[in-house]
Amino acid sequence: MLQTLDVDSRSFIGCDNTIMILIFEISQLDNWKKDANESQKLSIVELAKRGSRIEERIHHKIAEIENASLSRQSSKRDSRWLLMSAYADINRIFALSAIVYLHVVISGAHPELPEVKEGVSKNLAALQSLEDKELLVNAVWAFCISGSLAVESQQGSFREPFSAAKVTNSTVGSFAEAFKIMETCWEMRRNSSCSCDWVSAMDKLGRYVLLR
Numbered sequence: 001m002l003q004t005l006d007v008d009s010r011s012f013i014g015c016d017n018t019i020m021i022l023i024f025e026i027s028q029l030d031n032w033k034k035d036a037n038e039s040q041k042l043s044i045v046e047l048a049k050r051g052s053r054i055e056e057r058i059h060h061k062i063a064e065i066e067n068a069s070l071s072r073q074s075s076k077r078d079s080r081w082l083l084m085s086a087y088a089d090i091n092r093i094f095a096l097s098a099i100v101y102l103h104v105v106i107s108g109a110h111p112e113l114p115e116v117k118e119g120v121s122k123n124l125a126a127l128q129s130l131e132d133k134e135l136l137v138n139a140v141w142a143f144c145i146s147g148s149l150a151v152e153s154q155q156g157s158f159r160e161p162f163s164a165a166k167v168t169n170s171t172v173g174s175f176a177e178a179f180k181i182m183e184t185c186w187e188m189r190r191n192s193s194c195s196c197d198w199v200s201a202m203d204k205l206g207r208y209v210l211l212r
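With the UniProt record's numbering, letter number 83 in the sequence shown gets 83, and the count goes up by one each step, no holes.
Think of the hints as simulated: they come from the structure by calculation, not from any bench. It is possible that part of the hints are untrue.
The calculated BS3-like cross-link candidates involving lysine-lysine, where the alpha carbons are at most 30 Å apart (straight line), are [what the hints assert, rightly or not]:
1. Lys61 x Lys34
2. Lys133 x Lys76
3. Lys180 x Lys117
4. Lys49 x Lys117
5. Lys122 x Lys33
6. Lys133 x Lys61
7. Lys180 x Lys34
8. Lys49 x Lys34
9. Lys133 x Lys117
10. Lys122 x Lys76
11. Lys180 x Lys33
12. Lys49 x Lys33
13. Lys61 x Lys49
14. Lys122 x Lys133
15. Lys180 x Lys122
16. Lys204 x Lys34
17. Lys61 x Lys122
18. Lys117 x Lys61
19. Lys204 x Lys33
20. Lys122 x Lys41
21. Lys122 x Lys49
22. Lys49 x Lys76
23. Lys76 x Lys61
24. Lys180 x Lys133
25. Lys204 x Lys117
26. Lys133 x Lys34
Just so we're clear, the structure is a prediction, and the values are computed from it rather than from any experiment.
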């Protein structure tokens, strides 16, 4: 879709089109699952197969990012190096959040699931390792997706990167919405045995926002 419209998502959120397309495919898989479930035709085997194919491509993309980052280590740290490094950081964060999103679609919003917990931990590590904390303004969606699935022991760590970022008048809204969604999700989980994710939190808040 992005390729057809000749839109470069990197120019406005810093994330590569290929990763955004994978996220869109996860959204499509979620819609397929819901439709199949409503018609009582949901095959868990088919769901797992479709999810596995998407996850394989995400891991391939992450490997590309890591290999490119290793190649740059011997390069001169000029303005171009810094720009490419920033793109790599944002792409890594979005890709890791996409894996969390995918596992929620396949298995449900259960933070204690090993694959979900691992995905959240990896994304948290990527966020904490950002050299330029101002890049967080480009990763609010990814941060909120993973943060909403954080277990209690991880939740404090998800608050820390925000304090290190320089929030401006133009970005405070997105950060505030992300915080509210995450904290509402955590609260719902503490007060109920039911699973919940960012969508559940937005349903409770009665606000449906696009986190840029």
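For each hint, the structure was consulted:
Of the pairs offered as hints, the one joining lysine 61 and lysine 34 holds, with about 27 Å between alpha carbons and a cut-off of 30 Å not exceeded. With a C-alpha separation of about 22 Å, the suggested pair lysine 133 and lysine 76 falls inside the 30 Å cut-off, and the hint holds. Distance check on the hinted pair: lysine 180 and lysine 117 sit about 21 Å apart at the alpha-carbon level, within 30 Å; holds. At roughly 21 Å between alpha-carbon atoms, lysine 49 and lysine 117 fall within 30 Å of each other, so this suggested pair holds.
Only pairs whose Cα atoms come within 30 Å are accepted, and lysine 122 paired with lysine 33 is accepted, the gap being roughly 26 Å. A distance of roughly 23 Å separates the Cα atoms of lysine 133 and lysine 61; the hinted pair therefore holds under the 30 Å criterion. Distance hint between lysine 180 and lysine 34 is fulfilled; the C-alpha atoms sit about 26 Å from each other, no more than 30 Å. Restraint check for lysine 49 and lysine 34: satisfied, since their Cα atoms lie roughly 16 Å apart, inside the 30 Å limit.
At roughly 23 Å between alpha-carbon atoms, lysine 133 and lysine 117 fall within 30 Å of each other, so this suggested pair holds. For the hint linking lysine 122 to lysine 76, the alpha-carbon distance of about 28 Å falls within 30 Å, and the restraint holds. Under the criterion of a C-alpha separation no larger than 30 Å, the hint pairing lysine 180 with lysine 33 is consistent with the structure, at around 28 Å. Restraint check: the Cα-Cα separation between lysine 49 and lysine 33 comes to about 12 Å, which is no more than 30 Å; the hinted pair holds.
A distance of roughly 19 Å separates the Cα atoms of lysine 61 and lysine 49; the hinted pair therefore holds under the 30 Å criterion. Restraint check for lysine 122 and lysine 133: satisfied, since their Cα atoms lie roughly 17 Å apart, inside the 30 Å limit. For the given pair, lysine 180 sits about 22 Å from lysine 122 by alpha-carbon distance, which is consistent with the 30 Å threshold. At roughly 20 Å between alpha-carbon atoms, lysine 204 and lysine 34 fall within 30 Å of each other, so this suggested pair holds.
Restraint check for lysine 61 and lysine 122: satisfied, since their Cα atoms lie roughly 15 Å apart, inside the 30 Å limit. Taking the CA atoms of lysine 117 and lysine 61, the gap is about 21 Å. The hint holds against a cut of 30 Å. Restraint check for lysine 204 and lysine 33: the C-alpha separation of about 23 Å stays at or below 30 Å, so the hint holds. At roughly 34 Å between alpha-carbon atoms, lysine 122 and lysine 41 are farther apart than 30 Å, so this suggested pair is violated.
A threshold of 30 Å between alpha carbons decides the hint, and for lysine 122 with lysine 49 the separation of about 23 Å falls inside it, so the pair holds. Of the pairs offered as hints, the one joining lysine 49 and lysine 76 is violated, with about 43 Å between alpha carbons and a cut-off of 30 Å exceeded. In summary, the hint linking lysine 76 to lysine 61 is supported, as the alpha carbons are separated by about 24 Å, within the 30 Å threshold. Note on lysine 180 and lysine 133: the hinted pairing holds, with a Cα-Cα distance of about 20 Å set against a maximum of 30 Å.
In summary, the hint linking lysine 204 to lysine 117 is supported, as the alpha carbons are separated by about 24 Å, within the 30 Å threshold. Our distance criterion of 30 Å between C-alpha atoms is broken by lysine 133 and lysine 34, whose separation comes to about 37 Å.
Of the numbered hints stated above, those contradicted by the structure are hints 20, 22, 26, listed in ascending order.
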